[in-house]
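Chemist: Starting from the structure of chain D, add chains L and X where the hints point.
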Amino acid sequence: MDFFVLMLVIPLVSGALLTVVGERDWAPNLNIIASLGTFLAAAGLTVEIVANGPRFAFGEQFFIDSLNVFFVALTAFVGLSTSIFSGPYMKNEREHGKLSAPRLRLYKSMFQLFMFTMLVALTTNNLGILWVAMEAATLTTVLLVSLYRTPASLEAAWKYFILCGVGIAQALFGTILLYFAAERVLGETGNALLWTHLVEVKGQLEPTIMVLSFIFLLVGYGTKVGLAPLHNWLPDAHAEGPTPVSAVLSGLLLNVALYAILRCKVLADGAIPGGFAGNLMMGFGLLTLVVAAFFLSRQKDIKRMFAYSSIEHMGLITFAFGMGGAVANFAGLLHMTMHSLTKSAIFFAVGHAAQKTGTQVMEDIRGLIRINPLIGWGLMLGTLAILGMPPFGVFASEFMILTHAMKHHPWATPILLLALGVAFAAIFGKVQPMVFGETHAKRLPHAPAITPVFVHLAIVLMLGLYIPPYLTRWFHEAARMLG
Amino acid sequence: MNLPWGPGGEFARREAAMSISGLLWQLLAIVLALALAPLLTGWVNQCRAWLQNRSAPPLLQPYYMLHKLFLKDVVLAHGASPLFRFAPFAVFGCMLLACAIIPTLSTDLPLAPTADTIALVGVLGLARIFISLAAMDVGTSFGTLGGRREMLIGFLAEPALLMVIFTTALISQSTSVATIVETLAHRDFIIYPSLAFAGIAFTFVSFAENARVPVDNPATHLELTMIHEAMILEYSGRHLALIEWAASLKLYAYSCLGLALFFPWGIAAGSSVLGLLMAIPVLLVKLVIGGFLLAGIETINAKVRIFRAPEFLGTAFLLAVLGLLVRLMLETRV
Amino acid sequence: MSATMPISAQLINLFASVILLLAFAMLAQRRVLTLINLFALQGLALCLATLVAAVSTGQTHLYYSAGLTLVLKVLLLPWILHRLVRKLNVKSEVEALINIPATMLVGIVLVMVAFNVALPISELSQTITRGTLGIALAVVLLAFLMMITRQKAITQVVGFLSMENGLFLAATSATYGMPMVVELGIALDVLVGVIILGVFFFQIRDQFDSLDIRHMENLKDN
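Residue numbers (the working numbering), protein chains in the order written: chain D, 12 to 494; chain L, 14 to 347; chain X, 2 to 223.
Just chain D, with the same shape it has in the complex (with noise of 0.2 Å):
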């Protein structure tokens, strides 16, 4: 069986089966090897795409190449790790009597179906299907969002689902004016949504109808990335929701909603002389960042603060994508990379060490290192490797995206030394006193899963250190596809 058809149907066909039998005792064992399964997939697909080039599946409405490939590989791994993460954190959460095995079968059902509609937008031609992809994701992850039925998690996920949907709907008037303008081009074929159609017209259409068509996409999917003003959602879902939920919304859906912009802005590139995409970009990404800054100092709750940090970086990466060429592009994909896998793994820390202390106000939270120290280490590391301290990974991308921005755009330079600086004072601030000091907490029933954690960091430092050769050439290829 192909490997592609076989990455969608195991996270559908487990999506399905775990609605069913979610509340086994082996049902977080058939989620970890669905996800297995997902990656094993994944990474036979991308060692095809790596050897063969670009394919299509399904005629034509699935098309991987190497931009996509890379991130399909992305988020089937990060999938994995936090499938074996959520386990023993699940079951934690059970016998604190805040789950009932009920919510933790929609947990899991939802989980695949989740890495499901991910999948498919990351794979699909189709930037229609692309819309239903990314809409039918929130829909999964505010039942997620909402699992506790707390009043604070209702909350968040109303105004997730609120939110969102008003932004999605943004997102599809765009995706409809892109339509309109291709089918001037391609005409009435039913090819004018399929990307690689697209992509070879893309100097024909009208650039009038692409500049409105932009803006509405770049509002629409950058509300799912958390693009401000419009990112209110993303630290009430990621504060309120299950810690495994923080970790993929993070490190997999925003990159998901981010990939959606990067396939528009390579047609609006194509049609729109002045790069005026690249430039609303950095606009955004800007401001977003500095927005971001400005609010990490004011948080108490940890989920919250790493979620701000989120929302930081991912205006950094827009910000890189929006300065456009190939140094640029090839920080914003490492950029990407890195932080989904530092993100994740700051979340995994961080969601047990909230369940050791039973808070997740920072104030409350003292001494990790005490009572875990794989916990308390991990979340240091991790901290500092968001934080871009060399070695790490993140350090390398955030260099390239200065030294880029003081060389073609010195304007910025400022603004985002000082966002990135105070985020650093920020954040470094708060979770120093977390892992060091007194403390006086007690055991979990079940173990944590500490293993992805170190893995993804030790992925991060890696690639801080050194990028294999063909990754580079990934990235390069990857990078110069978007322009």
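Because the hints were derived from the structure by calculation, they are not lab data.
Among these hints, one or two may not hold up.
No farther apart than 25 Å at their CA atoms in a straight line, the calculated lysine to aspartate or glutamate pairs in the DMTMM-like style are these [said to hold, decoys possible]:
(1) D:LYS109 / D:GLU59
(2) D:LYS109 / X:GLU124
(3) D:LYS311 / D:ASP375
(4) D:LYS102 / D:ASP375
(5) D:LYS441 / D:ASP375
(6) D:LYS109 / X:ASP207
Modeler: Same frame as chain D, but now just chains L and X:
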């Protein structure tokens, strides 16, 4: 826009209508207005009574009333100025003029060139000013209150009415009612969505202007709510008769304007005798239906508080603006 | 002048205007049940507009689209919403954050913005219905306004669905509809979304004893 006084404009074109027969037909239209206006009021009252399961007053009740009032002596308040005595005649004159220039039978009558819609709004506004001033003239609290309320309504209703008129004027490229009617009635049938908006807005405005139910209630003298009735409390005898008659004429004028703008079919284009004779029954039928609908709407609606009246008229204004926008968006290009 | 416009285009323009009018009526509406009925009417107008477009252009997938709209937006969703309102005993009054005349004024401004934005684009369109693109955008923005200014969860949902109506109108007017597979996907998403929201309403009411989202303002940055 075609200026009425330009070469080939309406004045030049309509010179032909200034004949003896044209004058006669114009006279007929005026007499018809004078005669039909109280009848329309009576008909609406009768319909209202039926719809509310009351026994209806006779159809000719308004005539009896006018007759009775004309026979009675006038009682003037102390301190009433000449304005107070002059106002009923001015109001009546304004309304009669309005009725005369709105094309009821034909678009080709001697007064038709003066039938500019903006002027029409001005004539109606003049009547409003006179009646409000007269109401405040005597210095009673009710009169002042009614006058102020009337001005409030007018201040909100006039812009809405103007917007409605602009929408129709945009379609026909002229502010002359005669040209508008000709454009709408005697061309190929085209659906104008903007006219739907304008029509609804016009209905709102007419209800407010004629002191009908959602804004005012013509049947009560409840001091907290009345507007029109509060203004004319001090009038008696032939003054009151003239004002009542003018009120009927106003209803008639608004009905005819609405019919002319939104249901113009049946109004004769030329001055052929047959066309004009046909126009009379058509007008009657339209008025009968319109009056019934008016009574129906009044029955199913409750009177709103006076403070909600601005909202009611604001909605009318917004609808009219929407009509204008829709006109610009949907109908200006091919 | 518009005299050369074919009758089908005139009809579509008429229905589009009705949709806009209904969007305004929804903005001004104070009662929840009437609001839902207005939404159903809006769906019906959308369905008729799509149907006219289908008949005049002979595109079969527009018939399906019209059918989908009829089933989903005129019958199924209003029915679900009616049931929800009755089951949840929602108070009939809709409370607005800003008073209604002010909202309407903002609405008019939004319509002007939408028309201005859409004008250059609709001039490029070759479909007979291109003028409605501005109306579609206006409906989207008005629905957005309704979601911002209303406090009941259920009104926000109606606003969301009304926004979807505007988007469908845009798709029909600019391009004679999206490819069928996309429309089906969108319809499915909307349906699933409303069902999830239905579940959600019960959870919200259990937690807050009300569907007023004023209770849901505790998550703040401080």
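Chemist: Determine for every hint whether it applies to the structure shown.
Modeler: Hint-by-hint comparison with the structure:
The suggested pairing of LYS109 (chain D) with GLU59 (chain D) is violated, with an alpha-carbon distance near 44 Å, which exceeds 25 Å. A C-alpha spacing of about 58 Å is found between LYS109 (chain D) and GLU124 (chain X), which places the hinted pair above 25 Å, so the restraint is violated. The hinted pair formed by LYS311 (chain D) and ASP375 (chain D) meets the criterion: a straight-line CA distance of about 10 Å does not exceed 25 Å. The hinted pair formed by LYS102 (chain D) and ASP375 (chain D) meets the criterion: a straight-line CA distance of about 23 Å does not exceed 25 Å.
The suggested pairing of LYS441 (chain D) with ASP375 (chain D) holds, with an alpha-carbon distance near 11 Å, which does not exceed 25 Å. Taking the CA atoms of LYS109 (chain D) and ASP207 (chain X), the gap is about 17 Å. The hint holds against a cut of 25 Å.
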